Amino acid sequence: MRKLSILLIFLLMAALAACAPAATPTQEPAPPAAEEEMATEEAAAEEEMAAEEEAAAEEEMAAEEGPKYGGTLNAAFQNEWAGLDPHTVSSYSSYQILNNVLEGLTFYDDELNLVPWLAESWEQSEDGLTWTFKLREGVKFHNGREMTAEDVKWSFERLIDPETGSGNAARVGPPDTKIEVIDDYTVAITHPEPFGIFPQSIGFDKSSGIMAKESVGDDGLVEIAIGTGPFAITEVEGTTRLVLEKHEDYWQEGLPYLDSIEIVPIPDDTVRETALRGGEVDWVLTIAPQNFDSLDEDPNVVVATAPQLSYDYIGMNLTREPFDDVRVRQAIAYALDRGQLCEAGFFGLCDPLQAPIGQGSPWYFGYQPYGQDVEKAKELLAEAGYPDGFEMELLPTTQYGETVRAAQVLQQQLAEIGIDASINAPEWSEWLELEGNFLYDAYICNWNGLIDADQYYYLQHHTDLVFNFTGYSNPEFDELVDAGRSISDFDERYEIYEQADKILVDDAPYIYMYNKKEIRAYAPYVKGFVVRPDQANNFWTVWLDK
Amino acid sequence: MNASYLIQRLFLTLIVLLGVTFVVFLIIQIVPGDPARVILGVQANEQNVAALRERLGLNRPFLVQYADWLWNALHGDFGKSLITGQPVAPQLKQRLPATLQLAAAALLIGMLIGFPAGIISAVKPGSTTDIVTSIFSQIGVTVPDFWMGIMLVLLFSLTLGWLPPSGYTPIQEDFGDWLAHLILPAITAGLISGAIQTRFVRSAMLEVMHQNYVRSARAKGLKERTVVVRHALRNAMITIVTVIGLQITALLSAVVVVEVVFAWPGLGRLALDAVLDRDYPLLQGAVFTVAAMLALVNLGVDLLYFFLDPRIEYA
Chain E
4 MRKLSILLIF LLMAALAACA PAATPTQEPA PPAAEEEMAT EEAAAEEEMA AEEEAAAEEE
64 MAAEEGPKYG GTLNAAFQNE WAGLDPHTVS SYSSYQILNN VLEGLTFYDD ELNLVPWLAE
124 SWEQSEDGLT WTFKLREGVK FHNGREMTAE DVKWSFERLI DPETGSGNAA RVGPPDTKIE
184 VIDDYTVAIT HPEPFGIFPQ SIGFDKSSGI MAKESVGDDG LVEIAIGTGP FAITEVEGTT
244 RLVLEKHEDY WQEGLPYLDS IEIVPIPDDT VRETALRGGE VDWVLTIAPQ NFDSLDEDPN
304 VVVATAPQLS YDYIGMNLTR EPFDDVRVRQ AIAYALDRGQ LCEAGFFGLC DPLQAPIGQG
364 SPWYFGYQPY GQDVEKAKEL LAEAGYPDGF EMELLPTTQY GETVRAAQVL QQQLAEIGID
424 ASINAPEWSE WLELEGNFLY DAYICNWNGL IDADQYYYLQ HHTDLVFNFT GYSNPEFDEL
484 VDAGRSISDF DERYEIYEQA DKILVDDAPY IYMYNKKEIR AYAPYVKGFV VRPDQANNFW
544 TVWLDK
Chain P
4 MNASYLIQRL FLTLIVLLGV TFVVFLIIQI VPGDPARVIL GVQANEQNVA ALRERLGLNR
64 PFLVQYADWL WNALHGDFGK SLITGQPVAP QLKQRLPATL QLAAAALLIG MLIGFPAGII
124 SAVKPGSTTD IVTSIFSQIG VTVPDFWMGI MLVLLFSLTL GWLPPSGYTP IQEDFGDWLA
184 HLILPAITAG LISGAIQTRF VRSAMLEVMH QNYVRSARAK GLKERTVVVR HALRNAMITI
244 VTVIGLQITA LLSAVVVVEV VFAWPGLGRL ALDAVLDRDY PLLQGAVFTV AAMLALVNLG
304 VDLLYFFLDP RIEYA
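Line by line, the protein sequences are chains E and P. The opening residue of the first sequence carries number 4 in our numbering; numbering runs sequentially from there. The opening residue of the second sequence carries number 4 in our numbering; numbering runs sequentially from there.
These are calculated hints, taken from the structure and not from any lab test. This structure is a prediction, so every number in the text was calculated from the model and none was measured. It is possible that part of the hints are untrue.
Here chain P is said to cover these stretches of chain E; the calculated rule only asks that three of the stretch's residues, wherever they fall, bring their Cβ under 8 Å from a Cβ of chain P [stated by the list, open to error]:
{"no.": "1", "region": "70-76"}
{"no.": "2", "region": "83-94"}
{"no.": "3", "region": "160-173"}
{"no.": "4", "region": "249-262"}
Lysine-lysine pairs mimicking DSS-like chemistry, simulated, CA-CA at most 30 Å apart [stated by the list, open to error]:
{"no.": "5", "chain 1": "E", "residue 1": "K71", "chain 2": "E", "residue 2": "K156"}
{"no.": "6", "chain 1": "E", "residue 1": "K549", "chain 2": "E", "residue 2": "K530"}
{"no.": "7", "chain 1": "E", "residue 1": "K216", "chain 2": "E", "residue 2": "K137"}
{"no.": "8", "chain 1": "E", "residue 1": "K216", "chain 2": "P", "residue 2": "K83"}
{"no.": "9", "chain 1": "E", "residue 1": "K156", "chain 2": "P", "residue 2": "K226"}
{"no.": "10", "chain 1": "P", "residue 1": "K127", "chain 2": "P", "residue 2": "K226"}
Cβ atoms here follow ideal geometry from the backbone N, Cα and C, with glycine treated the same way.
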């Protein structure tokens, strides 16, 4: 009897141990504090106005005194960085670290104007094939060595080398691009075809930044990138803590203000926001959009926004029926209530989009043919041979929670026109497999950090190019976007891209949903941080008022 | 108990470790998802993925890759992370203490809750204490740990401001800070462990309390306290030690969730990220480390039996 009970106990324990929770935690929405807050809102609002005025006055005084030097900024990112080699990384966290460590020849300032940076000037040859850059003298790498044209050549060549396998090689050009050192401070880049927007292209992000060749270890891998930027990577504790320290010989006089930046990833939204509110960290990379209001009202937190230059979209698989029929795609485009998608996906902190480029951009075209029209959608479906709709699968990813939320509302909107949509929301690596191999009906994702028109049209939609995951191919479109990137004049290009935009929106390989706002939150004593529409986080203008 | 038994056990442990690492490697290669694609992200296209896979040696046959890993592991080289390019072994070494500290603290808290609650409930079955303890342990077993963790953060960090919400300070840097950061995650995992331990201590004790020798002890006129501690508890220890051994196993996997919630830089979170990134070398290293520790724990539990029960013999 005793043996039996012990056996039973063992079985029970085994069963319980097997059931021990090891599930991947999903993001928990913050508990509703809104009810409480609404009750005291009025009294609080008055207090807030008075407090705001005081704070504004204080800020003015502080601004007059000027920025203070010193201190450490404690920053919390969301995800761990996946590598620090600019030529092979794709994770946002990695980019943002490298953003402050490496620099490019050109740079987009806070107003998104292209300005000289490591290059002082540049000019295009008569035949349009060669760009010659004059470099700034006296720029020092973190290891003390001066940057010269040789370094530019080395960095660019490693980026475009097919063996490196970089997704950003096209920023500099195709593998047969020639990079020539004219003298220590002059470098010439010759392309097989005219690359009219080359100076813009190398200013988008730091994958085309100038890195010292000493960054590469014996195994060909880069553990720590050595650049010329305002901060140097000095401590790396796996992927749980990274320290950036001020580059004493930074070429811009008087910058940066901070002594160091300590970066830790905190994946859970609630915990990250608590860390900010409690003072454990001074600055966080993202906040859960559903917590925007409660953080905005917290006097210990500053929430700043900017319209993003990005878009959330539905990518259609043009190699699969019925999505190869443009009428089906257009039907879906007409069926959408983009305002509702925005509410569900990103809690209203977004602008509906019918085309890739939103109103904040100088490239805005204003072609908006897809106002919601359920009747028209049904008509188109019937024309295409699907009067009773059909079944399909939506593929958002848990990597971007907003795509999953949007998918749920999308499912209902599609049901209105007779399309029975199911949702499959895998995690990132599995999603990438499916998306990359055309194993989907329609996927939901976003493109971010886009500045120049070329970035919205070329690599994603030109026939057979690297980011064309829909199978879209339109020779007229190809001609237009090829021309667009070979010339430099803005007005000329605007005309070209306006035509391309119309073709693309009409053909609808991508169905656009909305443009999310860029949101940052930080402590009130963090000054000088600018929320940028291209999502870059530049810390060299930041100082601590304490 | 002799040397040959010990050697036998160690040999078996090696077989288990081999089996575990092989199965894990097999599973993660079979499931969809490709580390090269993860590295390249949305920018992955056929050429780049192919080039990167070549560079990372991912196109070699499965057995070749496993044998390669095993050979290096036996020489102490766990290779490099596919995603970050950093060597695996130092990462494991760096993240292991945090997990051990968390698991140990959680186990301790679990025992501090489980033993008194379980014993008292068993000694006074059906009493109010017993019923209340039962209810609390039921709740503790059912509550999801990540919810509990976030609730604790909201209460003790945000509302009361007593403890930091996340992060880690190494113990050698600042003991007070280390303790402050450890408390919430340890309580989160510990409360649940405590609930489980309460139930098993209670039933183990109940089981033993009904034995004849306990009645004899009472009949002998011994104080209830002596009966409970010297006789009942001692004999229940085998079951209890087994539970604790299994709890350690459960905790080492349960802490993954707690580590993610609290941004605790432990091995659990590292292993989870390795799975999500399909980072084979890193995952293999983490699994190997945890499996090795658990094998040692199980060995320890088995050896403890000798001291707890003189009746046990090993041929």
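Status of each hint after checking the structure:
no.: 1; hint: 70-76; result: violated (count 0)
no.: 2; hint: 83-94; result: holds (count 10)
no.: 3; hint: 160-173; result: holds (count 7)
no.: 4; hint: 249-262; result: violated (count 0)
no.: 5; hint: E:K71 <-> E:K156; result: violated, 38 Å
no.: 6; hint: E:K549 <-> E:K530; result: holds, 10 Å
no.: 7; hint: E:K216 <-> E:K137; result: holds, 21 Å
no.: 8; hint: E:K216 <-> P:K83; result: holds, 21 Å
no.: 9; hint: E:K156 <-> P:K226; result: violated, 87 Å
no.: 10; hint: P:K127 <-> P:K226; result: holds, 15 Å
Violated hints for the displayed structure, listed by number in ascending order: 1, 4, 5, 9.
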